[in-house]
Amino acid sequence: MTTTTDTTTLKHTPFHDFHNANGAKLVDYTGWEMPLHYGSIIDEHHQVRKAGGLFDVSHMGRFRFKGKDARAFLDRVCTRQIWGMSDGQIRYSMVCNHEGGVKDDVLVYRIGETEYLMVCNAANRMKLIEHFNEVKDEAGFVFKFEDETEATAMIAIQGPKVMELMSNFSSEVPTLKRYRFTIKNLIIAKVMISRTGYTGEDGVEIILPAKFAAKAIDMMLKNVDMDAEEPTIKPIGLGARDSLRLESGMALYGHEIDEHLDPVSAGLDFAIKYDKSEDPEKSPEEVGRFIGQDALQKFKSEGTPRKLVGLNLEGRRSARQGMKIYSGGGESEVGFVTSGVNSPTLGKCIAMAYVDTGHCETGSKLQIDLGRAKADAEVIALPFYKAP
Amino acid sequence: MPDMSDCRFTDSHEWFHVEGDIVTIGISQYAANELTDITYVEMKGVGESIEPGDNAGEVESVKTTADVFCPFGGEVIEVNDALTDEPGKVNTDPFGEGWLSKIRTADVSPSETLMDADTYQDKYPV
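First to last, the protein sequences are chains A and B. For the first sequence, position 191 matches number 190 in numbering that gives the first Met the number 0, and the numbering has no gaps at all. For the second sequence, position 92 matches number 91 in numbering that gives the first Met the number 0, and the numbering has no gaps at all.
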């Protein structure tokens, strides 16, 4: 077996000391030294499903767009319609390339008519900055574009007991609807709290100034006895973040989506608005078409050769990204695995995979080549797990 | 169960305990920590033969799947079946209840090329 740990040149989030104090196993994640776990990925997974967990997601990119053309620009680069959002609303969107592949999946927050925030994947931050600057200059959009990633911190607090905990902290937060946010003025700083997440559980994500991060964690956790037998909240690493999102059928960049995988095949149609013509001030030709729209429209109307599906595996061996999928006892190759895990909640192995449309119906029987062995698998509807 | 100090180690983090012609195979605490929670272990079965340098099996964790390298040749004589239901023992007790399998070998000389416990622990502290 091979293991590597080179953490010499990695960036630290404002919670680095917090991770060390809590016994984190730190690893390189896209150039950031991040907690993989604080003891056990499986225990942390159950902790989030049963009560709650605190995730440092400060490595994710955070951009601010401010100015008269900020909205039009976002409608140009995002597949989702940004026009018509209300203040305090958040939308999940793709940022596509011209071929319809995914540059990144992002959340766009509307702060005001001319001010927006975007949260993107850590791995794609620099790529998006370059892309956005190119589009901005090309089309002559007028607005200020700032990368606030390292000036801010971000945490996710997720789990069935989280909103109750948040009610001790603010009476407004538990009244937030899904994909809405509020900005709270705490004593020393402004914090942005949204009812969003990446675990399939209820919860919030919080963006705050980097300098205030350590203090904020203390404030959030002051009523939580972390040493209790069953604490409401425990710190959770990226390992469980991955297994939680996978059970919930959520795409992860670099696995289910990338520059060569399109959102139509990924079943993310809900995040694509093919007709952005509702803007009364501008013609559809002017702002109504987003980058990648021609390609996506073609995929949509002509159908894609493969679809993202969920798979239930027989046996106890996990499928991993890149493993090939066969039908008819192994004769023809019909797809490939994008993510797989031995699901802690369901107690069986699950995977997401792209499968040729002829074999992607629910109930289809397939085989996965696991290397030394083959496993039988059945196509099932996503998500694998839905919070009660 | 072998005492860790009597085991020999590879840079790929397997341990081997040689007693007569019997070699017990496991992975180190360092390896178990790096792999994270072990979810599945599949070792070559009793009666199967292993060539020196072959894989003696695979260990799967939440995050990854790792081969278990074996510098000894021989025949598998026992597999730790308790790991079928409790693979987590590899994490909690890798030198004890988390041993993986045993082989009978005609040649224990590969042992000479492996690290002793002190050397290994200095190189890969837990």
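Possibly wrong hints are sitting among the right ones.
Over the 10 angstroms line for every Cβ pair with chain A, so calculated as not near, a few chain B residues [to be verified]:
{"id": "1", "residue": "P1"}
{"id": "2", "residue": "E41"}
{"id": "3", "residue": "G52"}
{"id": "4", "residue": "E57"}
{"id": "5", "residue": "E59"}
{"id": "6", "residue": "G72"}
{"id": "7", "residue": "G87"}
{"id": "8", "residue": "G95"}
{"id": "9", "residue": "E96"}
{"id": "10", "residue": "S108"}
Within a straight-line C-alpha distance of at most 30 angstroms, the following computed DSS-like cross-link-like pairs (lysine-lysine) qualify [said to hold, decoys possible]:
{"id": "11", "chain 1": "A", "residue 1": "K160", "chain 2": "A", "residue 2": "K364"}
{"id": "12", "chain 1": "A", "residue 1": "K49", "chain 2": "A", "residue 2": "K176"}
{"id": "13", "chain 1": "B", "residue 1": "K88", "chain 2": "A", "residue 2": "K373"}
{"id": "14", "chain 1": "B", "residue 1": "K122", "chain 2": "A", "residue 2": "K65"}
{"id": "15", "chain 1": "A", "residue 1": "K385", "chain 2": "A", "residue 2": "K373"}
{"id": "16", "chain 1": "A", "residue 1": "K347", "chain 2": "A", "residue 2": "K364"}
{"id": "17", "chain 1": "A", "residue 1": "K49", "chain 2": "A", "residue 2": "K67"}
{"id": "18", "chain 1": "B", "residue 1": "K122", "chain 2": "A", "residue 2": "K347"}
{"id": "19", "chain 1": "A", "residue 1": "K24", "chain 2": "B", "residue 2": "K88"}
{"id": "20", "chain 1": "A", "residue 1": "K160", "chain 2": "A", "residue 2": "K214"}
{"id": "21", "chain 1": "A", "residue 1": "K10", "chain 2": "A", "residue 2": "K214"}
{"id": "22", "chain 1": "A", "residue 1": "K373", "chain 2": "B", "residue 2": "K101"}
{"id": "23", "chain 1": "B", "residue 1": "K122", "chain 2": "A", "residue 2": "K24"}
{"id": "24", "chain 1": "A", "residue 1": "K67", "chain 2": "A", "residue 2": "K10"}
{"id": "25", "chain 1": "A", "residue 1": "K221", "chain 2": "A", "residue 2": "K189"}
{"id": "26", "chain 1": "B", "residue 1": "K122", "chain 2": "A", "residue 2": "K10"}
{"id": "27", "chain 1": "A", "residue 1": "K49", "chain 2": "B", "residue 2": "K101"}
Note that these hints are calculated values from the structure, not bench results. Small disclaimer: the values here were computed from a predicted structure and weren't measured. Glycine included, C-beta positions come from ideal geometry on N, C-alpha and C.
Check the structure against each numbered hint from earlier and tell me which ones fail, lowest number first.
The structure conflicts with hints 2, 4, 5, 7, 11, 14, 17, 18, 24, 27, although it agrees with all the remaining ones.
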